[in-house]
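Enquirer: Put the complex together from the two separate chains, hints included.
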Amino acid sequence: MKTCKDSIDVLLQYLDGEMPPDEAKALEEHLGGCTPCVDFIRTYRDTTNLCKRALAAKMPESVASSLQGFLRERMKK
Amino acid sequence: MIPESDDHPLQALLVQAREGDVSAFEALVEASRDQVYGLALRMMGNEADAAEVLQETYLSAYQGLANFRGDAAFTSWVYRIAANFCLMRLRHRKVRAAAEEALAEPEFTPRGSLAGMPSEAWGRSAEDVALDAELRACIQGATDALPETYRQVFVLKDVEGLSYEDIAEVTGDSVAAIKSRLHRSRLALREAIDRFYSEKGLKRDGQDRI
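So the sequence lines, in the order shown, correspond to chains F and D. With this note's numbering, letter number 53 in the first sequence gets 53, and the count goes up by one each step, no holes. With this note's numbering, letter number 125 in the second sequence gets 1125, and the count goes up by one each step, no holes.
For the record, the hints were derived by calculation from the structure and aren't laboratory data. Some clues are possibly wrong.
[What the hints assert, rightly or not] Cut-off 25 Å, straight-line C-alpha distance, at most; resulting in silico cross-link-like pairs (BS3-like, lysine-lysine): (1) F:25 <-> F:5; (2) F:5 <-> D:1179; (3) F:2 <-> D:1179; (4) F:25 <-> D:1179.
The structure presented is a predicted model; accordingly, all values stated were derived computationally and were not measured.
If we strip away everything but chain D, and leave its shape as in the complex, we get (with noise of 0.2 Å):
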């Protein structure tokens, strides 16, 4: 998420830093970093071009603080940055030739009824449960597996809570089209999760009989 109303002790350090004050610059950088590196991970899908993002995005940043107005928080600014360069970069990367039918859904019978219920696991799946080591790779491998635009919007609005329209700002895509991309990769999502619980109650109910 981006903060916006927890910011404002930063804005003592900017004058300063706008001043030339290095040290609240780098102060300023140690309150916002975490945040940035992790937009720029799940963007980038790995830490060696996650690690450049977030070089690229504070030289940036310290270099345009002058023109900084001031009116957004410090941190939504320097997260815009970085979305931008995540993005710069991405539109360099090779597209990969995932199409969009790849994408999964849920099935349907002919009459449009849902041809399935969802695992029984995903009752545990409340908040307060931890979430296991194969579970977090299965995510992580499903949302890596979406197309890049998809995953692009996927993270942004669902993981980093950007607003659609923001969403609009960096991508250059309207607001239907990134709604359209964030309920397919919903779908996919969710498809993956559903797999994943339906072969683990599998394997389980298997050891069970053994």
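Next up, chain F with everything else stripped away, as it sits in the complex (with noise of 0.2 Å):
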């Protein structure tokens, strides 16, 4: 029987589709079992999307400017 360790230890693989299907079968049995692990998948997930909004950047107006200016200096030569 699978314990929790063990299947956070393989969920990469396993959200990532890459994993045989009879493991990803043993791994499911435990899930259906196992809320912890389920609310833990949850939050796995939600950590790459709250990350990816928490660090999109626009870029500020004078690293802007200074770049144009860098190229036309460079582009004339």
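Expert: This is the structure we're talking about:
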């Protein structure tokens, strides 16, 4: 019988859809009866979404204009 | 994400830029610079380095236009150049002495069961919920605290959306090593967010009682 730790160790492979079917089945059997793991997987996925949004950045105008100035100077040569 | 499909309008500009049309090249820069800057900022962790990477990248792209075969989208091409410049710079940085053991992980009981449940506040973290400044700062701090090689993989895969194979190509590491680092980075960031939610919840409960 798989433990929570066994399941979480192979979570990436499972979520990537790269797990052999019999292993995936064994994992799903564990997940079927384990609320902590189900919640864990949900928050593991949310982590990626949250981080992606938190780390979004727009280029400041000052960087854009200094890039343009830099390139114009070099492209003349 | 690297835009592949919506890059076709840039093809005409690319032809003009190759023929020496400076304004066409500037239009290519404008169309792709936000993505390239985002990558550089997340990889380098500060605005000054990101701005320098941006300059190196587009200068190199300009000088290499003649060699660019056009079989990939322009944006993907400059993106790749930028990722390489970032990695080159990071290799020169003094390696921070952050040991792998320092990465946070979930806690298990001796029998291998999860020791706790996630904070209830996670329920409110669906995609449409506004990300407040405190959580944003927590995530930025936790990402910056990852060991360099872990942060690179996490940023390239989960934020920038590169494939494992592309990351292996730019970092020179094996796909297996990349997957392992990605998983451990996600676990560490998940712990940081969970701790943030729990502490915030405690603080709020405390205020409620007053």
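Enquirer: If a hint holds in the structure, say so; if it doesn't, say that too.
Expert: Quick rundown of the hints versus the structure:
1. F:25 <-> F:5: Since the Cα atoms of residue 25 of chain F and residue 5 of chain F sit roughly 16 Å apart, the hinted pair holds (cutoff 25 Å).
2. F:5 <-> D:1179: holds, 17 Å
3. F:2 <-> D:1179: holds, 22 Å
4. F:25 <-> D:1179: Distance ~22 Å between residue 25 of chain F and residue 1179 of chain D Cα, so the pair holds.
Checked against the numbered hints above, the structure breaks none of them.
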